[in-house]
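Q: Now for the letters of each chain:
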Amino acid sequence: MKQTPLHDLHLELGAKMVPFAGYEMPVHYPTGIIAEHLNVRTQAGLFDVSHMGQITVTGEDVPKWLETLLPTDIVGLKEGAQRYSFFTTESGGILDDLMVYRLLDEYCLLVNAANKDTDVAFLEENAIPGIQVTLKEDRALLALQGPQAAAALESIAVGATKLGFMQAAQIKVADQPCFVTRSGYTGEDGFEISIDQSFVSKLASTLLTLEGVTPAGLGARDTSRLEAGLCLHGNDIGPEFSPIEAGLQWAIPACRRSGGERAGGFPGAERILSEIEQGASRVRVGIRPKGKAPVRAHAPLLTPDGVHVGQTTSGGFGPSLSAPIAMAYVPASLSEAGGAFEAQVRNKTLSVTACDLPFVPHRYHR
Amino acid sequence: MTDLKFTAEHEWARLEGDVVTIGITDYAQDQLGELVYVELPETGIQISAGQEVVVIESVKAAGDIKSPVNGTIIEVNAALGDEPEKVNEDPTGEGWFYRVRVESTGDLDFLMDETAYQDLISSLD
Numbered sequence: 001m002k003q004t005p006l007h008d009l010h011l012e013l014g015a016k017m018v019p020f021a022g023y024e025m026p027v028h029y030p031t032g033i034i035a036e037h038l039n040v041r042t043q044a045g046l047f048d049v050s051h052m053g054q055i056t057v058t059g060e061d062v063p064k065w066l067e068t069l070l071p072t073d074i075v076g077l078k079e080g081a082q083r084y085s086f087f088t089t090e091s092g093g094i095l096d097d098l099m100v101y102r103l104l105d106e107y108c109l110l111v112n113a114a115n116k117d118t119d120v121a122f123l124e125e126n127a128i129p130g131i132q133v134t135l136k137e138d139r140a141l142l143a144l145q146g147p148q149a150a151a152a153l154e155s156i157a158v159g160a161t162k163l164g165f166m167q168a169a170q171i172k173v174a175d176q177p178c179f180v181t182r183s184g185y186t187g188e189d190g191f192e193i194s195i196d197q198s199f200v201s202k203l204a205s206t207l208l209t210l211e212g213v214t215p216a217g218l219g220a221r222d223t224s225r226l227e228a229g230l231c232l233h234g235n236d237i238g239p240e241f242s243p244i245e246a247g248l249q250w251a252i253p254a255c256r257r258s259g260g261e262r263a264g265g266f267p268g269a270e271r272i273l274s275e276i277e278q279g280a281s282r283v284r285v286g287i288r289p290k291g292k293a294p295v296r297a298h299a300p301l302l303t304p305d306g307v308h309v310g311q312t313t314s315g316g317f318g319p320s321l322s323a324p325i326a327m328a329y330v331p332a333s334l335s336e337a338g339g340a341f342e343a344q345v346r347n348k349t350l351s352v353t354a355c356d357l358p359f360v361p362h363r364y365h366r
Numbered sequence: 001m002t003d004l005k006f007t008a009e010h011e012w013a014r015l016e017g018d019v020v021t022i023g024i025t026d027y028a029q030d031q032l033g034e035l036v037y038v039e040l041p042e043t044g045i046q047i048s049a050g051q052e053v054v055v056i057e058s059v060k061a062a063g064d065i066k067s068p069v070n071g072t073i074i075e076v077n078a079a080l081g082d083e084p085e086k087v088n089e090d091p092t093g094e095g096w097f098y099r100v101r102v103e104s105t106g107d108l109d110f111l112m113d114e115t116a117y118q119d120l121i122s123s124l125d
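Top line first, the protein sequences correspond to chains G and Z. Using this note's numbering, the first residue of the first sequence is number 1, and each one after it goes up by one. Using this note's numbering, the first residue of the second sequence is number 1, and each one after it goes up by one.
No wet-lab data here; the hints were simulated from the structure. Note that beta-carbon positions come from the ideal geometry of N, C-alpha and C, so glycine has one too. Some hints could be false.
Straight-line C-alpha distance at most 25 Å; calculated DMTMM-like pairs for lysine to aspartate or glutamate [what the hints assert, rightly or not]:
id: 1; chain 1: Z; residue 1: Lys86; chain 2: G; residue 2: Asp222
id: 2; chain 1: G; residue 1: Lys292; chain 2: Z; residue 2: Glu42
id: 3; chain 1: G; residue 1: Lys16; chain 2: Z; residue 2: Asp125
id: 4; chain 1: Z; residue 1: Lys66; chain 2: Z; residue 2: Glu114
id: 5; chain 1: G; residue 1: Lys202; chain 2: G; residue 2: Asp175
id: 6; chain 1: G; residue 1: Lys16; chain 2: Z; residue 2: Glu42
Computed list of chain G residues with no C-beta within reach of chain Z, every gap over 12 Å [unchecked claim]:
id: 7; residue: Asp8
id: 8; residue: Gly22
id: 9; residue: Gly130
id: 10; residue: Asp222
All chains should be modelled from the sequences, with the hints used to inform the complete structure.
A: See below:
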């Protein structure tokens, strides 16, 4: 089992460690998931996300080449800009979702921990001469998320608050050069800070001394992303779901759609672009159980007259709502908010309704 | 020492007369994390040892609680419907699950005393 450079700090903080994507990671600290989640929503939570893959791509023609693998506008990506994107499969599914940003002459891809080795292999297999793909295993990653994140970070990183949502910059944080982006996976304003792993422990300790900043584990990361309606790869998205089914068409700009300057040209483009025009036959929706019992992932969904029409892909308890929440795929014809379904949980059926996402409004710094 | 008896599945049982009160241990609530839902059985039903009678859901996970005894459920802790967190706060007190009238108090002879249970959980850490 691998460890992040913050392993000792997690243990000092009293974290409960669990295996996740090949790493020993903190699922929560002694305060517990609910308190950590609420701190993210009202103050600021510090997450260790060093297990994620930080990949840099350099060389000539990187933007054009990346556009053969991503349905994103990379050619037009300005220095200091970040986009949400995904590698697509030939059949139009999602191989992995990622963040891509451009800093200096590098294109930095932030990918899921569980997929980082296959993503690097995928990039290398598809590389053209002159392209270098590097998994930056010497870098750690912290996410500082919540309404007090900006004030806290600015106190040790002058200029951090000048960043807008989905912007990136090289900024000194506590005197160490870092790649900072204003983004995250909680629905809150916040930052992700990429730093050389030999300095991350000191930086994390410094951040935890700042007003309002408390540690948050993977448990609170999952509850906050679920409330924010954000997809977890391997659950809510994957090779079996297209980006349009997942409701991620907003991440595909006009220049890559039919009729655009650089339309298509990525794996699965035919299906994906046709679904943008015609709609997908099934779509991702929010699910609100009527009672208090959580409906977790992989619960079958039936219409009130008993026809099996879909299943949940994520689900649990939303601490900000103090209620169970889930996400599911259902036929597009049944996806309207308020639609009634029955979820099968342990041989019982629970009444649930479809709803719009997110469950908790995003509060990004726009 | 307490008057509680324990199962290897981290339930506790307290015998008073021919009535046994059942709950989960402090170790179990700590492992599960914050409970958000407890599904209790109906009173009046007959249960046998090993039968799943309670479902608990924490923020992290769901779990089943099997009855350690045979008997008839005579009371459930309905307060857990609104306040499942009582199980975390006071697992062997206000966080009890249900009470069973047992046919034979001998069912409890199969359970561990506190010393044996403490040995078990220290072997798990």
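Q: For every hint, state whether the structure bears it out.
A: Against the structure, the hints come out as follows:
{"no.": "1", "hint": "Lys86(Z) / Asp222(G)", "in the structure": "holds, 24 Å"}
{"no.": "2", "hint": "Lys292(G) / Glu42(Z)", "in the structure": "holds, 17 Å"}
{"no.": "3", "hint": "Lys16(G) / Asp125(Z)", "in the structure": "holds, 12 Å"}
{"no.": "4", "hint": "Lys66(Z) / Glu114(Z)", "in the structure": "holds, 19 Å"}
{"no.": "5", "hint": "Lys202(G) / Asp175(G)", "in the structure": "holds, 11 Å"}
{"no.": "6", "hint": "Lys16(G) / Glu42(Z)", "in the structure": "violated, 35 Å"}
{"no.": "7", "hint": "Asp8", "in the structure": "holds, 19 Å"}
{"no.": "8", "hint": "Gly22", "in the structure": "holds, 20 Å"}
{"no.": "9", "hint": "Gly130", "in the structure": "holds, 47 Å"}
{"no.": "10", "hint": "Asp222", "in the structure": "violated, 9 Å"}
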